[in-house]
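Residue numbers (the working numbering), protein chains in the order written: chain P, 2 to 81; chain A, 111 to 374.
Hints were generated in silico from the structure; no laboratory data involved.
Mixed in with the good hints, there may be bad ones.
Stated by the list, open to error - Simulated pairs of lysine to aspartate or glutamate, EDC-like, Cα-Cα distance not exceeding 20 Å:
hint : chain 1 : residue 1 : chain 2 : residue 2
1    : A       : K339      : A       : E315
2    : P       : K66       : A       : E271
3    : P       : K12       : A       : E256
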Amino acid sequence: MLLDFFRKKRKSSAEQAKERLQIILAHERVSNKAPFLDDLRKDLIKVIAKYVEIDPDQIDVKLQKDNAIEILEINIPINK
Amino acid sequence: MAGKVLTITSGKGGVGKSTTTANLALGLALLGKKVVAIDLDIGLRNLDMILGLENRIVYDVVNVVEKACKIKQALIKDKRTDNLYLIAAAQTRDKSAVKPEQVIELTDELKKEFDFILLDSPAGIEGGFRNAMLPADEVIIVTTPEISAVRDADRVIGILEANNKKEMSLIINRVNPTLVKKGDMMSKDDVLQVLSIPLIGVVPEDENIVSYTNIGEPSILHPNSQSGKAYKNIVQRILGKDVPFMEIVEKKGLFEKIISFFKE
Numbered sequence: 002m003l004l005d006f007f008r009k010k011r012k013s014s015a016e017q018a019k020e021r022l023q024i025i026l027a028h029e030r031v032s033n034k035a036p037f038l039d040d041l042r043k044d045l046i047k048v049i050a051k052y053v054e055i056d057p058d059q060i061d062v063k064l065q066k067d068n069a070i071e072i073l074e075i076n077i078p079i080n081k
Numbered sequence: 111m112a113g114k115v116l117t118i119t120s121g122k123g124g125v126g127k128s129t130t131t132a133n134l135a136l137g138l139a140l141l142g143k144k145v146v147a148i149d150l151d152i153g154l155r156n157l158d159m160i161l162g163l164e165n166r167i168v169y170d171v172v173n174v175v176e177k178a179c180k181i182k183q184a185l186i187k188d189k190r191t192d193n194l195y196l197i198a199a200a201q202t203r204d205k206s207a208v209k210p211e212q213v214i215e216l217t218d219e220l221k222k223e224f225d226f227i228l229l230d231s232p233a234g235i236e237g238g239f240r241n242a243m244l245p246a247d248e249v250i251i252v253t254t255p256e257i258s259a260v261r262d263a264d265r266v267i268g269i270l271e272a273n274n275k276k277e278m279s280l281i282i283n284r285v286n287p288t289l290v291k292k293g294d295m296m297s298k299d300d301v302l303q304v305l306s307i308p309l310i311g312v313v314p315e316d317e318n319i320v321s322y323t324n325i326g327e328p329s330i331l332h333p334n335s336q337s338g339k340a341y342k343n344i345v346q347r348i349l350g351k352d353v354p355f356m357e358i359v360e361k362k363g364l365f366e367k368i369i370s371f372f373k374e
């Protein structure tokens, strides 16, 4: 305990709050901007599952903004 | 005359929207602007009590939009200044009783008479929020430096952007300097870094607000109150004046000063 005292200070709760917000908001801002992403994900699973076996949890749909263009990135790992 | 519609909103409830609306409305009126404040939190009227005008309500905003009375009949004049009027929320109806087009029609009419129309919005992003958002020329978002309030504020900002409401500014309310210093509350700069919209005011936590609300006298009427000073500055900024942000410092008694002297 005494050692803890001399160790590096833990992050303050305000710092932690800010970090948590930055992470969660980065995520939420994307999904707020393109509310169709969730439906798109569901439809893609339906279509692709018709042809190959996939794990729905592994599908990752992202919308990124790179200057002027927006990139829709869809990652679907296919099971062997 | 072409008045300006200012909407005061937030994501989370209980961050001080109505208190802010009351103070800004009164502050603008005391500087000679003709102001009408409309409580759009239908079903949960509050602004009337904060302004101390609850006894004077005959007609409310639902009566007006349903054309059960004339606008003039629903305008409740403030006791302290001839420049401020209130249109109260209906208490017996719900938020679906008013449609955005009706509020726009009402604000368009009021713009002819008033310099500022302040809309006190309900919290959140449901129907009532659209009523207050769509007529707005400028939107003021109120948040406290708490994680849940900031997150919800971000959501509201996102929705405003999606609706092409670009004139937004932020009030950070209930900042407690002691907690900020201890690192247990996000500072003004922390919140700004996360939300990144222009800041229009920082209001310190003020324990007197409760008693001011109890007696229906917004803090802007109390010259020595810290929050009242902060609201005065915001009023100046709304009027386009460049006022420096006051530093929010701890107010300590002698005893606390001695203790903190030994602590440091």
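Right, here's what the structure says about each hint:
{"no.": "1", "hint": "A:K339 with A:E315", "result": "12 Å, holds"}
{"no.": "2", "hint": "P:K66 with A:E271", "result": "16 Å, holds"}
{"no.": "3", "hint": "P:K12 with A:E256", "result": "17 Å, holds"}
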